[in-house]
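Q: Single-letter residue listing:
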Amino acid sequence: MSNSENFLAIRVEFGGGLELLFSNQRSHKLKIPANISKNSVGKPADIDYLIHHLRDNLLKERKELFMEKDTVRPGILVLINDTDWELEGEGDYILQNNDEIVFISTLHGG
Amino acid sequence: MPKTCALCKKSRAILKRPKTGQQICKECFFYVFETEVHNTITESKLFQPGDRVAIGASGGKDSTVLAYVMKTLNERYNYGLNLFLLSIDEGITGYRDDSLETVKRNQEQYDMPLKILSYDELYGWTMDAIVAEVGRKNNCTFCGVFRRQALDRGAAMLNVDHIVTGHNADDIAETVLMNIMRGDIARLGRCTLICTQGEDTIRRSKPFKYTYEKEIVMYAYFKKLDYFSTECIYSPDAYRGHARTFLKGLEAARPSAIIDIIHSGEAFEVSEEVKATQKLQQTCKRCGYMSSNELCKACTLLEGLERGMASSGITERARKRLEAEGPAPDSLRTIPFFKPPSGNPTVTIEVPS
Chain A
1 MSNSENFLAI RVEFGGGLEL LFSNQRSHKL KIPANISKNS VGKPADIDYL IHHLRDNLLK
61 ERKELFMEKD TVRPGILVLI NDTDWELEGE GDYILQNNDE IVFISTLHGG
Chain B
1 MPKTCALCKK SRAILKRPKT GQQICKECFF YVFETEVHNT ITESKLFQPG DRVAIGASGG
61 KDSTVLAYVM KTLNERYNYG LNLFLLSIDE GITGYRDDSL ETVKRNQEQY DMPLKILSYD
121 ELYGWTMDAI VAEVGRKNNC TFCGVFRRQA LDRGAAMLNV DHIVTGHNAD DIAETVLMNI
181 MRGDIARLGR CTLICTQGED TIRRSKPFKY TYEKEIVMYA YFKKLDYFST ECIYSPDAYR
241 GHARTFLKGL EAARPSAIID IIHSGEAFEV SEEVKATQKL QQTCKRCGYM SSNELCKACT
301 LLEGLERGMA SSGITERARK RLEAEGPAPD SLRTIPFFKP PSGNPTVTIE VPS
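Chains as they are written, first to last, in UniProt numbering: chain A, 1 to 110; chain B, 1 to 353.
Treat each hint with caution, since some may be false.
Pulled a few chain A residues facing chain B out of the computed Cβ check, cut under 8 Å [said to hold, decoys possible]:
no., residue
1, I80
2, T83
3, G89
4, G91
5, I94
6, T106
The hints are simulated quantities; they were obtained by calculation from the structure and are not laboratory data.
Every residue gets a Cβ at the ideal spot worked out from N, C-alpha and C, and that includes glycine.
Model the full assembly from the supplied sequences, consistent with the hints where possible.
A: Below you can see the structure in the form of structure tokens.
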């Protein structure tokens, strides 16, 4: 199998102040394994996996402002290819090659 | 599988509405978002044709979307309003100076006159200087009291009839919860009002009273509006933070919780007996601003700062210590006397070129 079949190219954008937790950089390009193992069972990579991956690899500070329990903190909006993740199965959405995932915090003052 | 819009039944849905659970497309979202604000405005009869209206603009998401939507609705429905942007510069280096740059861009983008009034100009103190004096514990008290009065004074300078602010449904539900937890009956009674007006102050309204924060942020995202989003560098209001975290948790479990809390707040009735015990509004003897005591809160806080006893506006003990030192000296710096708007604007305002 070629490399491109094992990995997915994912673009991640942060907004609404969340970028401050990620080196103050709004846009990130990632390579994510297409298949992951969870509790020694193989499965395709989903948004939940991406969120943990971001926390473990890109998050620079105050992880409690990004995650709570096993998902993003309430008040953070997620868009999958410009669609509300609530319409796409939220954390269970299976990542596809060239997906664009946007995280926007609503928590900062107006 | 792509889902179809519940309203037009044609386009692909991009958003699940927290208020209704409906799945809708981008064009229908813009339409219902704007129309609901329009309905709120017309049902509450907020404006009269010819009104001069200042939009309290911080450069943040809520006020940026409010300015855009007010401009859109004013043109679409011929409200006949003269719209202004009014910004308060609290004097917070690295925070407000950056967000004011956003407001200046909004002035160009929306073609609206902008007035910026600073704490330094009005009170002789920037927030940076206040924090250096009082530390980071009670500084939000100073900022909140000073901002409220500064907005009214800026509005008086612009000679406007009305100030609109970007407070959204989430903010109001938070305030209802905070007032319940603090047992603040007077504020609980009025915090859900869409429009408030003191004796001689300018009307204040919240056209986003029923608008969810999620939809405001989504609207700004899909319209690609230019807003500023950095937390204030002087620790956020901790008490509100708790209410907010709790409310966001409730919303995640049941999105209608926000609107339900607002409705509960609206249905809350303060009995006449309780009302009778509440203090009457009067005018501050020093600056002429509305007040529930002889001195308004801003004058009290400013006197403490000027006399080197900043905590006298916060705790009872410190206030007694200040009083023991005798009356305020005649040379004390005070806030210019408040003149409610009448006639022409008393300031020149920046008009976009």
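Q: Taking the least C-beta to C-beta distance, is A/T106 closer than 8 Å to chain B?
A: This hint holds: A/T106 lies near chain B, its Cβ roughly 5 Å from the closest one there, short of 8 Å.
Q: So, as I understand it, the hint says A/G91 touches chain B; can you test that by seeing if any CB pair is closer than 8 Å?
A: violated, 13 Å
Q: Mind checking the CB of A/I80 against every CB in chain B and telling me if the closest is under 8 Å?
A: Cβ of A/I80 sits 10 Å from chain B, so the hint is violated.
Q: Close enough to count: is the Cβ of A/T83 nearer than 8 Å to one in chain B?
A: holds, 5 Å
Q: Quick one, is the A/I94 hint okay against chain B at 8 Å, beta carbons?
A: violated, 13 Å
Q: So, A/G89 near chain B? Judge it on the closest CB pair being under 8 Å.
A: violated, 11 Å
The structure does not agree with the numbered hints 1, 3, 4, 5 stated previously, though it agrees with the rest.
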